[in-house]
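Chemist: Chain residues, written in single-letter form:
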Amino acid sequence: MTRLVRRQGWVAGLLVLFVVLFVITKLIQPGYGSGDFGSLVRAVLPYAFAVAAQTIVVIAGGIDLSVGAMMALTSVTAASMMDGASEEYAVFVVPFVLAMGLVLGAVNGMLIVVTRVPDIVVTLATLFVLQGAALLVLGAPGGAVAEWLRATIVGTVAIPGLPEISAWIPKALVLLVVFLCIIWIPLKRSKLGLSIYAIGSSELAAFRSGVPVARTRIIAYALSGLFAAMGGLALTMSTGIGAPIPGPYLLASVAAVVLGGVALGGGKGGLLGPIVAVFVLRLVRTDLTLLAIDPNVTAIIEGAIMVAVVMFGAFITMRSRQS
Amino acid sequence: SAEAKYTIGVSNTVQGNGWREEMICAIKAQALASGQVTKLNIAHRNTDAAGQLEDIRNLISAKVNAIVVNPADPAGIKSALEEATKAGIVVVAVDQAVTEPSAYIISNNQEQYAYLGAKWLFQQIGGKGDVVYMRGAAGASADSDRDKGFKKALAEFPDVKVVHEVFTGWQQDQGKQQILDFIATGSPFNGIWTSGIDNVIVDALVESQTPLVPVVGADNAGFVGQLNSVEGLVGAAVTNPGSIGGAGVTLALQILNGKKPAEQTVLVEPQLWENATEEGKAKLKSVADPSLSPEWPVSISIPEWTTYTKDQIIACKGPGE
Amino acid sequence: MTTNPLLDATGVVKTYGAVVALRNASLSVLPGEVHALMGANGAGKSTLVKILTGAIRADAGHILIRGEAREVRSPADARRAGLLPVYQEPSLIPDLDVASNLRLTGTPVEPFRAWVRELGIPDLDIRDIARDIPLAVLRVLDLARALAVEPDVLLLDEMTAALPANLAEKVLEVVRRQGDSGRSVIFISHRFVEISALCDRATVLRDGETVGVVDIEPGVEERIVEMMLGARIEKTQVAARQASQAASPRDSRARLGVANLRVGTKLNDVSFDLANGEVAGVVALEGQGQDELFAALAGSIRPSGGTIEVDGKPVKFAHPADAIRAGIAYVPGDRTEALTMQRSVRENIALPFSAALRNWGPINMAQERSRVVSAIERLQIDTRAQREVQRLSGGNQQKVTIARWIAAEAQTILCFDPTRGIDVRTKQEIYKLLRELADQGKSVLFYTSELEEVQRVCDRVIVIFGGRVVDVFPVELADEPALMRAAYGLPRGAKEDVGILADIHSSPVAKP
Amino acid sequence: MSTTAIQPVPFGRRLKRFMADRPLIPLIILLVILVLVLQILRPGIVNERWLANTVKFAIPLAILAGCQTMTMLTGGIDLSVGTVATMSAFIMATQVVHHDPAVAILIALVPAVLIGLVNGIGVGVFRVHPLIMTLGTSLIGTGCLQVYQRTVIASGAKIPPFLAWLGTGLTYGVPNALLLFIPVAVLIVFTLRRTGFGRLIYAVGDNEGAARLSGVRYWQVITALYVISSVLAGITGLLYIGLIKAPSLSLAEPLVLPSVAAAVIGGTSIFGGRGGYTGTIVGALILTVLTTLLTILQMPEGARRMLFGLIVLFVTAAYLRIIEDR
Ligand SMILES: Nc1ncnc2c1ncn2[C@@H]1O[C@H](COP(=O)(O)OP(=O)(O)OP(=O)(O)O)[C@@H](O)[C@H]1O
Ligand SMILES: Nc1ncnc2c1ncn2[C@@H]1O[C@H](COP(=O)(O)OP(=O)(O)OP(=O)(O)O)[C@@H](O)[C@H]1O
Ligand SMILES: [Mg+2]
Ligand SMILES: [Mg+2]
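Those protein sequences? They're chains A, B, C and D, same order as listed. For the numbering used here, add 202 to where a residue sits in the first sequence, where the first one is 1. For the numbering used here, add 76 to where a residue sits in the second sequence, where the first one is 1. For the numbering used here, add 35 to where a residue sits in the third sequence, where the first one is 1. For the numbering used here, add 17 to where a residue sits in the fourth sequence, where the first one is 1.
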């Protein structure tokens with residue numbers, strides 16, 4: 203039990219923070235209801251996939267600066283393929299784009315392994331390459347999305363007989379949970395998952411324990427690419443277009459990873475923490491808007507919250523180390 | 077006018093650029109000057125269309141009466157605008173059009189902006205020669221609109237050639253380095269069209285002691301000042317008023333008060349101020365405003381659409397501040 | 036019966052840039068034998084083990100496993116070929132718990148648990164994170180993990196170096212049984228006692244070259260040493276100290292006074308004095324609080340109670356810098372804790388100079404150079420690869436950790452197991468150095484896991500058990516059985532015959 | 018001692034070892050190759066004027082990359098340099114309207130010191146990851162700048178003539194900015210190689226625990242370092258505004274990622290303990306020349322960016338290959 207609290211304490215704290223923020227939101231805007239929660243989840247969607255993409259490489263001891271560019275490229279690819287195409291065609295577009303993310307992610311990993319250039323530089327370089335590719339696919343925002351795809355994140359899941367509860371289960375949330383779980387849970391339980399933690403924790407020890415370090419690193423980046431492609435699809439699904447200029451997902455993903463209790467440096471943490479952190483960050487933004495805070499002050503508040511939470515985290519680790 | 081009773085939400089996705097800051101201040105000043113707005117609710121940050129969807133939905137949650145939005149993309153925020161209209165919120169898009177049919181649009185005509193300036197430039201160099209084409213940010217929708225206008229003008233002058241096309245990313249430092257690099261190649265050129273990164277270009281020409289060629293820019297205070305003061309510089313400033321934000325507030329209030337415009341879309345046509353003719357010079361002298369930050373457009377108000385004073389927009393205070 | 040070698044390596048070469056780690060190494064291991072791999076520091080033993088187990092590639096050489104040329108390109112390959120190493124550094128993944136570490140290597144859990152118990156650790160929780168487990172236990176877990184898959188060849192690289200006597204004894208026991216049951220073991224150690232007790236044959240490396248293979252029989256040690264060092268080593272050993280020789284008259288004021296020191300739950304009540312000109316040995320089994328004692332004296336952790344006095348004045352250390360200012364230097368047992376591996380020997384030795392705020396300015400290069408050079412000469416550090424400390428062999432790295440404080444002229448040196456994994460000659464040098472320091476009036480507190488060293492260097496012995504000082508006695512009384520008994524917390528002169536294998540937890544301990 | 022002394026070493030091997038010992042040489046060769054490519058693509062471009070321009074634009078990047086080099090040597094990074102440079106430039110340009118330039122510059126450096134102090138305390142005392150800490154303070158700084166900006170809309174902005182002279186001027190064809198840069202560069206190189214503080218930067222980045230046991234107080238080193246980094250960034254901002262002459266709220270932001278890239282291309286390890294400033298300077302020059310190369314090439318913007326990424330990757334990989342000694 204104490205072990206569980208120690209290992210999951212940070213995530214639990216984040217969940218509590220989320221609930222507190224939710225209550226505060228309710229106080230600011232008593233009318234805040236299930237529909238607004240749905241909006242929150244839809245806003246979270248691209249960030250959540252971006253942060254999942256970042257989390258997996260950070261756990262493997264790396265960092266991926268190309269997450270945002272990868273989302274942009276997959277998003278414009280999907281949007282331009284679906285532009286003027288039939289609804290059914292989109293059934294092929296989705297797996298194609300996901301496969302593309304997987305392959306490009308693997309290329310990232312291979313470049314790191316083969317060139318032995320630090321990951322931060324390789325992914326900085328691929329950031330430019332992917333962004334350039336996105337501009338070649340679509341010179342300006344545009345494209346389209348299949349209607350059914352768009353509908354998958356609009357509205358709620360109907361649970362027969364429980365309209366009260368089902369109103370609080372937006373389709374977007376189900377989509378998020380399903381997609382993350384399909385990949386993350388089997389991964390975490392598999393030897394591959396352990397290997398990813400292992401190379402992040404100590405590459406040398408992992409290598410000596412017989413972990414195929416290079417292959418594991420490539421797979422981690424491939425999965426990151428896959429998550430980023432999901433993020434790109436989520437962008438296209440929510441906006442209906444593809445935009446070649448990446449949004450603010452890179453920095454947001456790094457911030458959420460750290461807030462979520464994943465150590466930059468690797469080997470520690472999980473996916474739940476960063477995802478909850480994303481919810482917290484989005485809800486903070488909602489509250490700032492609801493409060494009609496001076497927009498110039500919001501940047502200060504967001505930065506201060508980020509620094510304060512991380513400092514607090516550092517502070518309690520220091521305290522626990524002392525005792 | 078009527079007493080204050082409305083809350084207006086604002087959504088903007090570019091932060092830290094003079095034009096957008098002026099737009100926000102115009103919105104605040106107009107809201108204050110109208111006397112009909114109790115509170116402004118401004119979401120103002122650097123983000124993409126998806127982030128703007130989030131901001132608009134938050135504004136819907138905040139139950140504002142109207143939303144003035146400078147769209148990150150015309151089509152990308154359609155769903156949230158639709159939801160806003162359904163919730164009974166008046167939506168006014170400024171600066172760019174949006175595809176959502178229920179939204180009202182009061183916009184600068186970006187295509188016309190580029191066309192006007194480019195045409196003047198091509199005429200100025202005698203209908204033939206080499207021009208440098210310094211665009212905005214690759215992949216931004218305003219940039220591609222302007223590109224259409226530029227290409228339209230180019231088609232009318234078959235003897236004009238674009239010798240160099242670059243994206244400044246609307247960054248002053250990039251623009252300056254790019255033009256200096258180009259000057260260093262020694263390739264001759266007869267004119268420069270810029271997408272609003274203008275004063276650093278003139279600076280670069282002056283510093284490198286290259287013969288001055290005609291330059292087209294926007295009505296930024298810095299550039300307008302240069303057109304008046306730099307010896308031998310011929311150029312034109314095309315207006316792209318950031319005060320369109322204030323016009324958006326006025327339109328939103330009119331609609332809220334039941335005065336719907338005849339058309340969903342109101343285009344504010346750009347003007348061109350040049351210093352090649354005497355009357356042009358006089359016009360430029362009259363609009364120049366050295367007290368403004370050089371990145372701010374000098375057209376701080378739009379006749380018939382804004383009612384605030386210069387002091388009010390510079391104070392940049394909204395209702396309740 | 037023809038005995039074909041299980042593992043046969045010939046002509047192995049490995050170079051790192053300009054440094055030749057292995058010039059021409061060969062090694063042939065027969066089934067069922069425990070084969071010692073011997074050599075001075077930097078001879079290339081670890082490099083050879085790493086090559087045999089696929090951790091690094093050789094530049095040249097032939098390796099036959101069971102008579103077949105088999106390419107071992109990674110530790111995973113080696114594992115499949117039945118070769119299992121326990122490297123010099125722990126190989127468990129620090130952020131995973133033990134159970135996950137087992138899954139990662141496909142080690143069966145039950146045999147592993149059995150081996151762990153057999154190796155003297157009865158109460159391991161396999162859900163503990165590896166990072167939280169003490170070094171000595173980690174080494175044992177590494178071994179148990181290797182044993183659990185029943186390897187044909189087990190390669191142990193200085194397995195016993197970091198182990199306390201009780202655990203080391205169990206390891207030897209287990210290794211011996213491996214040999215008996217027909218499996219082979221390659222065993223690296225600098226302790227002749229272990230070699231002669233355990234091994235059948237020994238391959239001796241010198242400067243990356245195999246210089247001989249000998250059968251282990253009584254009296255062979257002399258020959259091995261000769262081969263290892265290439266010349267006859269002078270027999271002069273630092274003689275056990277006599278009370279009469281002790282430089283410090285008892286009446287002199289204590290340099291360091293420790294009273295009722297407590298640290299957390301590990302160190303309960305420790306009091307002793309350390310005089311100028313004295314080498315005091317600390318003797319303790321693994322985990323009796325000696326780590327905490329040294330860390331607290333070094334200012335590295337804060338004691339929870341008790342007092343420390345330096346030259347009669349009470350002090351409180353909030354940071355190692357405070358201890359250093361009081362003239363107390365700490366040489367940790369694990370050299371990776373003390374060295375900046377990517378920096379030069381010179382920078383490492385000179386590091387303490389620049390630590391204080393007032394020394395942040397320009398460095399007097401000439402002065403620094405002369406101090407560093409004299410420290411290097413005094414310790415005879417092999418500086419061929421001095422641009423990066425990580426390229427020095429383990430023994431030379433160890434010397435750098437001490438050289439730093441010689442150069443800094445520290446008055447009191449706390450040495451925690453400084454001879455861990457060091458060859459005989461270097462050990463002699465370190466003993467000599469510690470004595471010299473004492474003769475110059477400096478004081479040394481010396482913890483060692485090798486009991487015989489106590490007799491060689493120390494003036495006095497402080498025995499710690501269960502976080503308390505249980506005995507302090509002069510070195511004349513400190514023969515190995517006496518030390519061992521004391522280390523197990525038995526009162527001096529007790530009659531019971533308590534063997535080395537006695538279980539700590541059931542031994543009759545004087546309860547607090 | 019070793020066999021290598023007996024056998025003749027092949028020339029290639031010797032060359033490689035020579036380069037590995039002097040990592041600056043291969044880096045400079047890479048730079049020269051880029052310049053040659055540029056000259057081939059646009060004959061005549063490599064002239065006095067172009068050289069001066071390149072140096073002018075490389076200098077601010079090189080100083081910011083110096084901040085990255087020093088922080089990266091301790092295993093950190095300083096992402097707030099862009100914001101700090103922008104802040105000091107903007108504040109100076111708006112304050113100089115009311116005050117003497119010297120006073121304005123002092124006022125402008127105050128936020129730089131503050132941000133550096135907060136970064137240093139966050140990283141050194143609270144042990145927040147530098148990436149997050151500096152990202153956070155840069156967000157806060159940007160917010161403060163936005164708020165400040167509104168209070169000075171009416172006051173306009175001015176660039177003191179001597180800053181413009183320093184930023185853009187040439188003396189006998191040599192950029193005046195070198196007057197600032199050479200002392201700064203010498204100071205950084207000297208600090209890293211020949212001062213106690215420099216030693217500690219390397220030591221702390223290589224093995225913090227070992228440094229601590231040697232009596233080094235981590236927080237002091239880190240705090241001093243981040244303050245220095247911030248002040249350097251502030252000075253860069255002042256130089257940069259002299260060069261660009263247009264105060265904007267995002268003036269130096271575009272320099273942040275390239276500054277990290279320049280340090281890494283120059284051979285500094287992001288994990289700490291390894292690298293130096295001379296390489297970084299060449300790295301900054303390489304990036305500046307690369308930017309020119311891509312501006313001059315007429316191709317779609319997308320292709321241009323792809324090429325940029327590929328060349329950065331190629332240069333870094335080639336450099337690593339050359340200096341690697343195993
Ligand atoms: N000595 C070492 N210490 C730590 N990591 C190492 C070492 N040697 C290699 N590696 C890492 O492992 C990678 C290669 O090891 P890995 O076992 O994954 O590859 P492999 O030998 O090709 O395995 P496979 O048998 O699957 O082909 C290298 O890219 C490097 O990152
Ligand atoms: N990465 C490296 N780069 C350069 N030289 C190295 C490197 N690793 C080892 N060496 C050199 O190779 C030689 C053999 O080193 P090795 O670690 O195998 O010695 P060893 O026999 O294990 O010694 P010890 O008992 O001290 O650990 C040493 O002289 C060392 O300096
Ligand atoms: Mg060894
Ligand atoms: Mg060794």
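Simulated from the structure, these hints should not be mistaken for lab results. Think of the CB as a built atom: it goes at the ideal place given N, C-alpha and C, for glycine as much as any other residue. Just to be clear, a hint being listed does not mean it is correct.
Negatives, chain C to chain D, calculated, CB over 10 Å [as the list claims (entries may be wrong)]:
#1 138
#2 143
#3 158
#4 168
#5 264
#6 306
#7 356
#8 372
#9 390
#10 391
#11 463
#12 508
#13 517
Straight-line alpha carbon distances no greater than 35 Å define the calculated DSBU-like cross-link-like pairs of lysine-lysine that follow [claimed, not checked]:
#14 373/A with 162/B
#15 373/A with 139/B
#16 205/C with 470/A
#17 175/D with 386/B
#18 393/B with 115/B
#19 195/B with 357/B
Chemist: Evaluate each hint against the coordinates.
Modeler: Hint by hint, here is what the structure shows:
1. 138: holds, 29 Å
2. 143: Holds, since 36 Å exceeds 10 Å.
3. 158: Residue 158/C clear of chain D: closest Cβ-Cβ about 29 Å, beyond 10 Å.
4. 168: holds, 18 Å
5. 264: holds, 16 Å
6. 306: Nearest chain D Cβ is 25 Å from residue 306/C, so the label holds.
7. 356: violated, 4 Å
8. 372: violated, 5 Å
9. 390: violated, 4 Å
10. 391: violated, 7 Å
11. 463: Non-interface label on residue 463/C holds, nearest chain D Cβ at 23 Å vs cutoff 10 Å.
12. 508: Given a closest Cβ separation of 31 Å, the condition holds.
13. 517: holds, 33 Å
14. 373/A with 162/B: holds, 20 Å
15. 373/A with 139/B: holds, 24 Å
16. 205/C with 470/A: Cα-Cα ~34 Å, so holds.
17. 175/D with 386/B: holds, 21 Å
18. 393/B with 115/B: holds, 11 Å
19. 195/B with 357/B: holds, 19 Å
In this structure, the hints that do not hold are numbers 7, 8, 9 and 10, in rising order.
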